[in-house]
Each structure stands twice: as structure tokens, then as C-alpha cells.
Amino acid sequence: MANEEDDPIIQEIDVFLARSLLEKLYLFQYPIRPASMTYDDVTHLSAKIKPKQQKVELEMAIDTLNPNYCRSKGEQIALNVDGTCTDETSTYSSKLMDKQTFCSSQAASNVSRYAAAVYKKGELHLTPLHGILQLRPSFTYLDKADAKHREREAANEGGDSSQDEAEDDVKQITVRFSRPETEQARQRRVQSYEFLQKRQAEEHWVHLHYYGLKDSRSEHERQYLFSQGHGLAENTELIKSPSEYLMMLMPPSVEEENDKPMAPSNVLSMAQLRTLPLADQIKILMKNVKVMPFANLMSLLGSGTDSTAVLRCVQQVALLVQGNWVVKSDVLYPKDTSSPHSGVPAEVLCRGRDFVMWKFTQDRWVVRKEVAAVTKLCPEDVKDFLEHMSVARINKGWEFMLPYDEDFVKKHPDIVQRQHMLWMGIQAKLEKVYNLLKEHLAPKKQEAQSARPLLVSGEQRVNVAKAKAKQNYGQLEKELQRQKAEMKSNDTSAKTDVPNIRIKEEPVGAEEPMDTSAFEGLNNGLVNGLHPAEGSPEPVNGHLPGGCIDRVAQELKAFVSSTFKKQFVLTLSELKRLFNLHLASLPPGHTLFSGISDKMLQDMVLDTGCKQILVPFPPQTAASPDELKVYALWEAGDTYDQHRQVLLEIFSRNYRVRRNVIQSQLSQECGEDLNKQEVDRVLK
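So the sequence shown is numbered by UniProt numbering: it starts at 1 and just counts up by one.
Any given hint might turn out to be false.
[As the list claims (entries may be wrong)] Estimated spans, in silico, between C-beta atoms of each pair:
(1) Gln184 with Ser216: 52 to 62 Å
(2) Glu486 with Ile613: 34 to 44 Å
(3) Asn66 with Gln184: 55 to 65 Å
(4) Leu480 with Val682: 54 to 64 Å
[To be verified] Computed cross-link-like contacts, DSBU-like style, restricted to lysine-lysine with a CA-CA straight-line distance of at most 30 Å:
(5) Lys95 with Lys73
(6) Lys198 with Lys52
(7) Lys121 with Lys24
(8) Lys478 with Lys410
I should point out that these hints are in silico values taken from the structure, not numbers from a laboratory. The structure displayed is predicted, hence computed values, not measured ones. Virtual Cβ for every residue (Gly too), placed ideally from N, Cα, C.
All chains should be modelled from the sequences, with the hints used to inform the complete structure.
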């Protein structure tokens, strides 16, 4: 109250709202004018507007008689733009730059808070503005000058002979038919800068007539800035109670009016999250966090949530990497989307990210250049993949961001085994897509990466070895005694079971290494860097215990027999893939998890009545060695055994044979004419 007494009211002014020029009144902001230009009635030569874009162009005259005007510069500009000839298309007909074009741009997107005010006889009349446009000089005449310059150069190079003109008239035309545009391509085209510029250029200019400040029409239009009637009915917006006026000045926030707070589209509160189904909760959490241990996931879902149901749902949206759950690529990159950096479709991005995830199943460290070289993706996309699940370390590479979760691995060996089989399938797809080499498939030894080069003498190495031997002597002695006892107890059964397994050295050469990459983790006690189930039998010194050999042989023979009765012909690579899928369907601790080498698998194939077909593939083939080894069922016990054997002998002489040759050979060898359906059945 004391402040109000010190600042008394001097005058009260009535405020009126004028509506006559509502949605028609614009405010033009001109640049600071040079001394040679005046914005009076004479200088406005023409004006035009594009109403939809709220774009205005004004052409204004320049006072060429002003002493500040450089005449030589004006003549040079006019000569560059129009050349020496003057016609109706000339920009400067007076051969002098005597006018300037101004083009507008919107100064503010929301002008609802601005109004034009006119004060007259103690009354303030307000008219809301429909737009505020800033006028800036347009330099399109420079583009015209460049075009003229290029035309002159082309004319000088091309010549003016009639022979050249005749040759130019005869040109070969190539007609091409465009493919139908997909919906995704159409959306990208509509959102492109080029398309928006084309749409803006398609709107026609509306030419305006300019009226000067002292013109009678301007005087008449200026009267619309005043409120036409001073009655209360037309100014109810300005006659409010104090509480209503305060409400207009400070309206309530949106959060107070709505029952639920409106959060950003990518933010979801935990209260809202727990109202969703369990599968949606897990999908949203994994999509936002991207990498999470199972214990953290259970804590976010709240107490009382069934862990079995969570495990069932999380496997639908995530994959297991080093005991932690990483969100699947197709969840982050849905179908019909593309990279924000390079525009690469989602399918390619998913393959590249799956490769990064698979590399982290092999090692804790990944090198960014290696990923970019294999996936052929831009550096920004590769960096996004790595940032999802790893942390950059200087001079080392990218390290997986979470430690190995050994507790989850021990508690859920069945989940671990199933995830390992899924990764085996993903690895097979990646090998075909990226043509992965052995150095990409073999996991790197972290000790070799992180170890610093040290100079160690021979005597020091001997002393270290002796110390380790003494330290482990007692443990090694106990282990040896236990192994001897087991071998003695199983000696009798081993002698009776071994004759059932015949080893043939014919298909695998002595110099050929045994390919155990698919089961390397199993034989080393690790599956995808994880420990297998405790119930599975372990090999002793690289050999199975005698009691397990017979069971393994029976299981393996049953699988090979049933597979070849369905397929008849298989490469070693395809057979190994089917065997891995078969292992994935078996319960944890099954006898086949004891470790099956390539040689054991090939020997069992030969024992079940199959033969290796030595197909003479071309030497320049890109197929892997396992894809070049072809095995076929020689006798299936049906009516087509003879035909099948003839066909296999044909392919043992040539890897590509015409159909008519096959039909004639079958008819000659079998002594009967086969029709097309019978030949198709044999070929199939």
C-alpha cells in the first residue's frame, strides 16, 4: 500500500479491440536503409505475395541521383546481369542497377501475443497481428548473371556453325520406365528438402497494387485500425472481473487441468508402466535400457512378479550376452524404418548390430574398425551399435559395459543352453551374409590384448613353472588317481562297446584339422562363455568314459539315420547346422552334449549306409570346405535306389549336368524310359 501511494495513477486510458482487419494485418520489418534509398511512395514499383506461405516480394527503386550512389558499380552489375542487349526480359532496362528486390521471411511462428496499437483522443485501439515478416535484400540477379556467363562460355566452346546445329538436332533417346514407388520411398521423397522447395515454388504469386501513405485508399483502410463501435457488446473481451482478468493473464498449466500428467512420448513413469501387461513392461524397459542383468530387471518389475514368466517374456525381446540381457535388434529397428544417419534400411542395421552382439559373446572387447570393415556400414551407425552395449577404452577398443553375470548362469543352465543354440543359428546366418573368415570366428584372447610386453629370461620362466607345479602337485595327484579308478571300473564295458564304433580314415585326410569350433566352448567347459549343466558327462583326457560311448553312438546314429531318410543328400555344413538345431531341442545334460567332433559325425554318416560323393566343384568356388563335402544315402530301400545311385555317379563326374543328359543316362542304365514326373522325383 505504501508503494501505491508513492506511485499515484496519473491517467486512465480506455482500451478497445478492433476486429475489422482481423487475420489481414501484417507487420513488415524493413532493413536499415542505405542513404541512396528512401521508402516513400515513389520507390515502391511492385509487390506480390504467396498467401499460403505468407511470403512477400517488394521491388523498390534506388535513387541513382544520390551522391552516395556509385554509378560505375551500378552499370557493371547491370551489364553482368543483362549483357549488352536490352529487351523485355532484361532486369535493368536503363542499363543501370536502379532497383532492389526484397524477400520476406517469418520473424515469429506464433504472433498471437502481438497487436498493432493506435492512440487517438485518449483511446487505445488494438488490432491483433496475423503475421510479422522481415524483409531482406534478394540477390537472385547474381544467379542470373552466373547463368549468362555460363551461356556465353558454352556458345564460345560449341561454335555457331550450321553443321553443329544439325548434329545437335539428331540425338539418340533412351526410354526408361520407372519402377512403382513404395510407400516408404514416397514418405522419404515427401519429407525431402527438394520436394518441399518444389511445393513452395508451385504456389503462384498474387500481384498486389501498392498505395502510398497519402493516398485516399490508404486513408480509408487506416480507419479500420479503430474500433467501429464503442458499445460494450463489441468489447466484452476487455470487460472482465478482476478474477477473470487474472485468469487470462496467468492461465492454469496443462498439468493442472488434466487428470494425468502428459509426459514426453519417450518417457513413461513407473506407475504408468506397471499398469501395462508384463510383456509390454519388459519390452519398454529393455528398449530404453538396452543392456540389463536379470536381477535388475526383476527389481524394476516390482515384488511379487513371477521370475518364470519374466524369463519367458524377456527371451522374446532380448538375447543373452555374457550372462546379461541385451535388447534384440529388431526391437530397436522395426520393419520399414531406416537409419537416421545413412538412410540404410532396418534389415541391414539389424544384421550389423547382431554381428556386434555376437562378437561380444566371443570376447569382452570389440574393435570398431573391424566391425565397420565387416558390416560395411557408416561410422555413425557402428558407433550407435557399440554405445548400446559397451564403453570405449582408450587404446584398447570397446569393452562390454556390464560384468559377466555368473549367478544367473549357474541358476538357469537351461536358458543359457537355449540361448547358446540361438547364437549358433545367428552365427550361421552371419557367416553366409558377411563371408566371415576364421579370424572373425575365433575368439581373441584378452590376455594377449591387455598384456604388456615384458622381457623375461629363461631362468625366470623355469622358476615360475616349478613354483606352479609344486603348488598344483597335490591337486593333480588326486585327479590322476580318480581318473585311473574310473577307467579301471569301466574297462570291461569299454571293450565290449568299442567294436560297435568303426573309425574310417577315408573321408578325412591325415593332414586335415578337426573342426570343433561349434563345440569348442563345450569341450572347454564353456558355452558362449558360460558353464554347461553339471549333469552332462565330461570327457577324460579328450575321450569319453567307456559307459557313455555306446549311448552317444546310439543317439548319434538315430539322428543321422532319420536326417538322411528325409534329406537323402546333405553337405557337411548343412548336416552340422541340423545337428546344432537338434541339440537345441534336447534337455540339458543329454549325452550328446559330451562333445561330438566332425570326425565322429562323418564316421557315423558312413556307418549308416551313406557315401561321400566327390563332386568335382570348380577350383574358383567361394564355398567353404564343409560345403564341398557331400554325403548321400546310397540305399533307402525304395524303388528309386538304382536311379538315385546312377544320378549320384553322374554328379561325381561333373558338378553341373543338363536335364536331357540325366534323363538319357537314367534310361540307358536302368533299361526303362522314365517320364518327366519320375525324373523330377528322382532329382528332387
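Now for the hints, and whether the structure bears them out:
Taking the beta carbon of each, Gln184 and Ser216 are about 59 Å apart, inside 52 to 62 Å as hinted. Between Glu486 and Ile613 the CB atoms are about 41 Å apart, so this pair conforms to the stated range of 34 to 44 Å. Hint check: Asn66 to Gln184, Cβ distance near 58 Å, so the stated range 55 to 65 Å holds. For Leu480 paired with Val682, a C-beta distance near 57 Å keeps the hint of 54 to 64 Å intact.
A C-alpha spacing of about 11 Å is found between Lys95 and Lys73, which places the hinted pair at or below 30 Å, so the restraint holds. Taking the CA atoms of Lys198 and Lys52, the gap is about 14 Å. The hint holds against a cut of 30 Å. Restraint check: the Cα-Cα separation between Lys121 and Lys24 comes to about 25 Å, which is no more than 30 Å; the hinted pair holds. Between Lys478 and Lys410 the CA atoms are separated by roughly 26 Å; this keeps the pair inside 30 Å, and the hint holds.
In this structure, every one of the numbered hints holds.
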